[in-house]
Amino acid sequence: MAQKIVTVYTDDLTGKEAEDVQTHSFSLDQVNYEIDLTSDSYDRLFEALAPFINQGRKIGRAKTGNRLRKTTTPTGPTAEEVRAWARENNYDVNDRGRVPSNIREAYDRAH
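Sequential numbering of the sequence shown, starting at 1036, is according to this note's numbering.
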(Lines of atoms letter the chains of each structure in order from A and count residues from 1; the text may use other names and numbers.)
(Lines give C-alpha, C1' and ligand atoms only; values in the text may rest on other atoms or scores of the structure.)
Protein backbone atom coordinates (compact mmCIF):
# COMPACT_ATOMS: atom_id res chain seq x y z
CA MET A 1 0.00 0.00 0.00
CA ALA A 2 1.30 3.45 -0.92
CA GLN A 3 0.84 6.35 1.39
CA LYS A 4 0.87 10.03 0.44
CA ILE A 5 1.45 12.73 3.03
CA VAL A 6 0.40 16.25 2.16
CA THR A 7 1.66 19.23 4.16
CA VAL A 8 -0.62 22.25 4.11
CA TYR A 9 0.83 25.58 5.21
CA THR A 10 -1.72 27.93 6.75
CA ASP A 11 -1.36 31.54 7.85
CA ASP A 12 -2.38 31.61 11.53
CA LEU A 13 -3.72 35.16 11.23
CA THR A 14 -5.85 34.83 8.10
CA GLY A 15 -6.46 31.09 8.01
CA LYS A 16 -5.51 31.05 4.32
CA GLU A 17 -3.36 28.32 2.81
CA ALA A 18 -0.15 29.53 1.18
CA GLU A 19 3.26 28.19 0.23
CA ASP A 20 5.22 31.16 1.62
CA VAL A 21 4.20 30.60 5.25
CA GLN A 22 7.08 30.86 7.73
CA THR A 23 7.20 30.42 11.49
CA HIS A 24 8.08 33.54 13.46
CA SER A 25 8.87 33.75 17.17
CA PHE A 26 8.49 36.63 19.56
CA SER A 27 8.21 37.12 23.30
CA LEU A 28 6.34 39.42 25.63
CA ASP A 29 6.52 39.48 29.41
CA GLN A 30 8.82 36.45 29.41
CA VAL A 31 6.31 34.36 27.45
CA ASN A 32 7.55 33.03 24.09
CA TYR A 33 5.18 32.78 21.15
CA GLU A 34 5.38 31.25 17.68
CA ILE A 35 3.09 32.10 14.79
CA ASP A 36 2.98 30.91 11.18
CA LEU A 37 2.54 33.82 8.77
CA THR A 38 2.77 34.75 5.12
CA SER A 39 4.99 37.71 4.31
CA ASP A 40 1.94 40.03 4.14
CA SER A 41 0.78 38.99 7.62
CA TYR A 42 4.34 39.29 8.94
CA ASP A 43 4.46 42.83 7.55
CA ARG A 44 1.25 43.63 9.46
CA LEU A 45 2.73 42.21 12.67
CA PHE A 46 6.00 44.08 12.19
CA GLU A 47 4.23 47.37 11.40
CA ALA A 48 2.10 47.01 14.54
CA LEU A 49 5.14 46.32 16.73
CA ALA A 50 7.59 48.70 14.99
CA PRO A 51 6.96 51.70 17.30
CA PHE A 52 7.65 49.53 20.35
CA ILE A 53 10.68 47.83 18.77
CA ASN A 54 12.13 51.21 17.76
CA GLN A 55 11.76 52.61 21.29
CA GLY A 56 12.67 49.42 23.13
CA ARG A 57 16.08 48.27 24.32
CA LYS A 58 17.69 45.15 22.87
CA ILE A 59 18.72 42.67 25.51
CA GLY A 60 20.35 40.16 23.19
CA ARG A 61 19.55 37.93 20.27
CA ALA A 62 17.92 34.56 20.35
CA LYS A 63 20.17 31.75 19.16
CA THR A 64 17.65 29.98 16.91
CA GLY A 65 14.52 30.58 14.91
CA ASN A 66 13.07 33.61 13.14
CA ARG A 67 12.85 36.69 15.30
CA LEU A 68 11.18 40.01 14.82
CA ARG A 69 13.88 42.50 14.01
CA LYS A 70 14.33 45.87 12.44
CA THR A 71 14.80 45.72 8.68
CA THR A 72 17.42 48.45 8.87
CA THR A 73 20.10 49.37 11.34
CA PRO A 74 21.11 52.94 12.16
CA THR A 75 24.29 52.60 10.07
CA GLY A 76 23.03 50.05 7.54
CA PRO A 77 21.22 50.44 4.26
CA THR A 78 17.48 50.83 4.05
CA ALA A 79 15.36 48.13 2.44
CA GLU A 80 14.79 50.50 -0.48
CA GLU A 81 18.55 50.94 -0.99
CA VAL A 82 19.08 47.18 -0.95
CA ARG A 83 16.18 46.67 -3.38
CA ALA A 84 17.59 49.29 -5.78
CA TRP A 85 21.02 47.64 -5.64
CA ALA A 86 19.46 44.20 -6.16
CA ARG A 87 17.57 45.34 -9.26
CA GLU A 88 20.71 46.97 -10.69
CA ASN A 89 22.50 43.65 -10.18
CA ASN A 90 19.80 41.50 -11.77
CA TYR A 91 18.27 40.10 -8.57
CA ASP A 92 14.54 39.46 -8.49
CA VAL A 93 13.15 41.34 -5.48
CA ASN A 94 9.62 42.31 -4.39
CA ASP A 95 8.54 45.94 -4.05
CA ARG A 96 7.44 45.42 -0.44
CA GLY A 97 7.91 43.04 2.45
CA ARG A 98 11.15 41.78 3.86
CA VAL A 99 14.22 41.71 1.64
CA PRO A 100 15.32 38.06 1.40
CA SER A 101 18.42 37.23 3.41
CA ASN A 102 20.35 35.99 0.36
CA ILE A 103 19.95 39.42 -1.26
CA ARG A 104 21.01 41.26 1.92
CA GLU A 105 24.03 38.94 2.18
CA ALA A 106 24.94 39.62 -1.46
CA TYR A 107 24.60 43.36 -0.82
CA ASP A 108 26.85 43.08 2.25
CA ARG A 109 29.48 41.13 0.28
CA ALA A 110 29.43 43.75 -2.47
CA HIS A 111 29.91 46.60 -0.02
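Among the hints, erroneous ones may be present.
[To be verified] Cβ pair distances, simulated, as ranges: (1) 1088 <-> 1136: 15 to 21 angstroms; (2) 1087 <-> 1135: 22 to 28 angstroms; (3) 1089 <-> 1129: 34 to 40 angstroms; (4) 1079 <-> 1128: 16 to 22 angstroms; (5) 1037 <-> 1084: 44 to 50 angstroms; (6) 1092 <-> 1123: 33 to 39 angstroms; (7) 1082 <-> 1038: 17 to 23 angstroms.
Hints listed in this document are in silico derivations from the structure and should not be mistaken for laboratory results. All of these numbers come straight from a predicted model, not from anything done at the bench. Don't be surprised by glycine CBs; every beta carbon is placed ideally from N, CA and C.
Right, here's what the structure says about each hint:
1. For the pair residue 1088 and residue 1136, the beta carbons lie near 19 angstroms from each other, so the given range of 15 to 21 angstroms is met.
2. Residue 1087 and residue 1135 have their C-beta atoms about 25 angstroms apart, which keeps the hinted 22 to 28 angstroms range intact.
3. Residue 1089 and residue 1129 have their C-beta atoms about 23 angstroms apart, which leaves the hinted 34 to 40 angstroms range violated.
4. Against the hinted window of 16 to 22 angstroms, the Cβ-Cβ separation of residue 1079 and residue 1128 comes to about 20 angstroms, which satisfies the hint.
5. Here the CB-CB span from residue 1037 to residue 1084 is close to 45 angstroms, well matched to the stated 44 to 50 angstroms.
6. At roughly 36 angstroms, the beta-carbon separation of residue 1092 and residue 1123 lies within the given 33 to 39 angstroms, and the hint holds.
7. Between residue 1082 and residue 1038, the C-beta spacing of about 42 angstroms breaks the proposed range 17 to 23 angstroms.
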